[in-house]
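Participant: So the chains spell out like this:
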Amino acid sequence: MANYSTNEFRPGLKVMLDGDPCSILENELVKPGKGQAFNRVKLRNLKTARVLEKTFKSGESVEAADVMDADMQYLYNDGDFWCFMEPDTFEQHQATENAVGDALQWLSELDICVVTLYNGAPLSVTPPNHVELEIVETDPGLRGDTAQGGNKPAKLSTGAVVKVPLFLDEGEVIRVDTRTGEYQGRVSSK
Amino acid sequence: MTDWQPGISLDRLRQRSQILAELRGFFQRRNLLEVDVPVMATTSVTDRNIESIATLPGASGGLEASGGLGAFSESEVSVIKSYLQTSPEYFMKRLLAAGSGDIFCLGKAFRSGEAGVRHNPEFTLLEWYRCGWDEHQLMAELGELIETLLPAVAIYKYSYAELFAKYFNIDPHEAELSSLQKLAVEAGSSAWSDDSRANCLDLLFSLVIEPQLSDGLVLVYDYPVCQAALASCHSDAQGRRVSRRFEAFLNRVELANGYFELTDGQEQASRFAEDQQARKIAGKPPMEIDQNLLAALESGLPECSGVALGVDRLLMQIEGATSLDQVMPFSWDRC
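These protein sequences, in sequence, are chains E and X.
Count the first sequence with this note's numbering and you get residues 1 to 190, in order.
Count the second sequence with this note's numbering and you get residues 1 to 335, in order.
These are calculated hints, taken from the structure and not from any lab test.
Where a beta carbon is used, it is the ideal one built from N, C-alpha and C, also for glycine.
Heads up, a few of these hints could be off.
Cβ-Cβ distance ranges computed for the label pairs, FRET-style [said to hold, decoys possible]:
| # | chain 1 | residue 1 | chain 2 | residue 2 | range |
| --- | --- | --- | --- | --- | --- |
| 1 | E | 66 | X | 81 | 40 to 50 Å |
| 2 | X | 41 | E | 12 | 37 to 47 Å |
| 3 | E | 101 | X | 237 | 53 to 63 Å |
| 4 | X | 144 | E | 114 | 26 to 36 Å |
| 5 | X | 113 | E | 66 | 25 to 35 Å |
| 6 | E | 8 | X | 190 | 19 to 29 Å |
| 7 | E | 8 | X | 274 | 29 to 39 Å |
| 8 | E | 114 | X | 225 | 50 to 60 Å |
| 9 | X | 285 | E | 64 | 19 to 29 Å |
| 10 | X | 225 | E | 8 | 49 to 59 Å |
| 11 | E | 101 | X | 187 | 26 to 36 Å |
| 12 | E | 89 | X | 333 | 46 to 56 Å |
| 13 | X | 333 | E | 5 | 14 to 24 Å |
| 14 | X | 329 | E | 28 | 20 to 30 Å |
Non-contacting residues of chain X with respect to chain E, defined by C-beta distances greater than 12 Å in every case (computed) [what the hints assert, rightly or not]:
| # | residue |
| --- | --- |
| 15 | 15 |
| 16 | 29 |
| 17 | 32 |
| 18 | 56 |
| 19 | 134 |
| 20 | 140 |
| 21 | 149 |
| 22 | 155 |
| 23 | 178 |
| 24 | 191 |
| 25 | 196 |
| 26 | 198 |
| 27 | 214 |
| 28 | 277 |
| 29 | 295 |
| 30 | 299 |
Hey, can you work out the whole structure from these sequences and the hints?
Facilitator: The following block contains the structure:
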């Protein structure tokens, strides 16, 4: 496997750290005027999703992680595994609950997700940035209240709970940003 | 579409111009002479941790094609390898040795491989020298300069040893190297387990102390001898050998570096030779010693103190900006 030197560090780069694959989130050069340069790096451990900080000497190199991202279609959950398929090759991959993680609450069958493979096996799943889901449970809508004021919790068909404006009702389909869990707008009424 | 726009807003561009004028005014009112020394020269610094940007010796081809060789013969131009200067220090010291008296320079400096939110390979540096002053007098003047731009600024002054005692309960001048390495491994990583005294101290200062400094201007003096650079050395109140170097931090950002200048040419020559050796061991490009500077020191540099201040970083703090790109017309990403 290749090595990366600190001057190649950039957000998104996948490296091995203490035996685990990590993704670089931030890379800051620290260079005292007269002193030796080093890099303060924030990384996400792709196995545990934990964020850690590490200091590298400038010029130090680290092993690249055999990690790649692939667009895959979510097919079904068989109780133990979540099954994803590569659209081009129809090759299927079984992801554990641990790998699916928080993506679980957003996934509808046939959604295209980014599946991160580590040594060929699913390590994590990133849902589409925006999903459209039906409200299955919420307090009755307040007619006429379309402008402003308050919100209420609404449970969506995939199980996620998001805050929505008061005027929405069960059965309506809304658009949600999966990165923030925020309501983006109403798509249609049933 | 290319992002041709400047990184700085037009409001900040006007503010930048205003502050450059105020900096000049401050020194002109105090009768320092402004000098605009070369930014390109045939040698540069031997510092083990500062890399100079070299010009391409073969670059005269373009000149020839455009008929622009002027007074130089082709061979003269094509063999010149030169370096963009990392600070105006050596030229300014040659002026001081020639009898210039108090001088300041507000110009560009260049350092290779330094780019980030607080670094840009080309930056604006303010450097000034006071003849007959010690470093504490110069620190006081630096404080006055910052106060004219930031009237409410709080100013603190600590020795390097005081800060290490406070944050690590260790004496940075006399502690065993192994104790410093142990602390550096804890703060940084195992990569520091066999590193030099200077590198361990730098890591501990930058990574642990600097982020905990107060808001305002913090002046730190009496640096370790291993980080003396071009400062002279003396014994501090506790009888420890320390260098008469100081640094200034504004809101936890390194802003300025100053010395009670080393005037001993032989001592300077041996420090340069040590730098060259260290560069060789580290596999860094070799750099010739600037013999003109050594000759000037031999001829006699007046007793003086000097300091260099990063103007772009100062603007960042005055403007409350979060990156140099927001206070420079065009940072390196846009060049």
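Participant: Compare the structure with each hint and give your call.
Facilitator: Right, here's what the structure says about each hint:
Checked against the hint of 40 to 50 Å, the C-beta distance between residue 66 of chain E and residue 81 of chain X comes to roughly 43 Å, which is consistent with it. Roughly 40 Å separates the CB atoms of residue 41 of chain X and residue 12 of chain E, a value that falls within the hinted 37 to 47 Å. Against the hinted window of 53 to 63 Å, the Cβ-Cβ separation of residue 101 of chain E and residue 237 of chain X comes to about 59 Å, which satisfies the hint. Between residue 144 of chain X and residue 114 of chain E the CB atoms are about 56 Å apart, so this pair departs from the stated range of 26 to 36 Å.
The supplied range of 25 to 35 Å is met by residue 113 of chain X and residue 66 of chain E, whose beta-carbon atoms lie about 29 Å from each other. In this structure the supplied range 19 to 29 Å holds for residue 8 of chain E paired with residue 190 of chain X, their Cβ-Cβ distance being about 21 Å. Roughly 31 Å separates the CB atoms of residue 8 of chain E and residue 274 of chain X, a value that falls within the hinted 29 to 39 Å. For residue 114 of chain E and residue 225 of chain X, the hinted distance range of 50 to 60 Å is satisfied, since their beta carbons lie about 54 Å from each other.
At roughly 28 Å, the beta-carbon separation of residue 285 of chain X and residue 64 of chain E lies within the given 19 to 29 Å, and the hint holds. A hinted range of 49 to 59 Å for the beta carbons of residue 225 of chain X and residue 8 of chain E is inconsistent with their spacing of about 36 Å. Separation of residue 101 of chain E from residue 187 of chain X is about 32 Å and conforms to the stated range, judged on CB atoms against 26 to 36 Å. Remark: the range hint 46 to 56 Å for residue 89 of chain E to residue 333 of chain X is contradicted by a beta-carbon distance near 39 Å.
Here the CB-CB span from residue 333 of chain X to residue 5 of chain E is close to 20 Å, well matched to the stated 14 to 24 Å. Hint check: residue 329 of chain X to residue 28 of chain E, Cβ distance near 23 Å, so the stated range 20 to 30 Å holds. Non-interface status of residue 15 of chain X relative to chain E is upheld: no Cβ of that chain comes within 12 Å, the nearest being about 25 Å off. The Cβ of residue 29 of chain X lies farther than 12 Å from every Cβ of chain E, with a closest approach of about 28 Å, so its non-interface assignment holds.
At roughly 22 Å from the closest C-beta of chain E, the C-beta of residue 32 of chain X stays outside 12 Å, upholding its exclusion from the interface. Annotated as non-interface, residue 56 of chain X keeps its C-beta farther than 12 Å from every C-beta of chain E; the closest such distance is 21 Å. Every Cβ of chain E is farther than 12 Å from the Cβ of residue 134 of chain X; the closest lies at roughly 20 Å, confirming the non-interface assignment. At roughly 21 Å from the closest C-beta of chain E, the C-beta of residue 140 of chain X stays outside 12 Å, upholding its exclusion from the interface.
Listed as a non-interface residue, residue 149 of chain X keeps its Cβ farther than 12 Å from every Cβ of chain E; the least gap is roughly 20 Å. Distance check for residue 155 of chain X against chain E: the nearest CB is about 20 Å away, which clears 12 Å, and the non-interface claim stands. The Cβ of residue 178 of chain X sits about 19 Å from the closest Cβ of chain E, beyond the 12 Å cut-off, so the non-interface label holds. For residue 191 of chain X, the condition that its CB be more than 12 Å from all CB atoms of chain E is violated, with the nearest at approximately 5 Å.
Consistency note on residue 196 of chain X: stated as away from chain E, yet its beta-carbon is not over 12 Å from all of that chain's, at 9 Å minimum. With a minimum CB-CB distance of about 7 Å to chain E, residue 198 of chain X fails to clear the 12 Å threshold, and the non-interface call is violated. With a least CB separation of 19 Å from chain E, residue 214 of chain X remains clear of the 12 Å interface cut-off, as annotated. Under the 12 Å C-beta cut-off, the non-interface status given to residue 277 of chain X relative to chain E holds; the minimum distance is some 16 Å.
Non-interface call for residue 295 of chain X relative to chain E: holds, since the shortest CB-CB distance, roughly 24 Å, exceeds 12 Å. Annotated as non-interface, residue 299 of chain X keeps its C-beta farther than 12 Å from every C-beta of chain E; the closest such distance is 26 Å.
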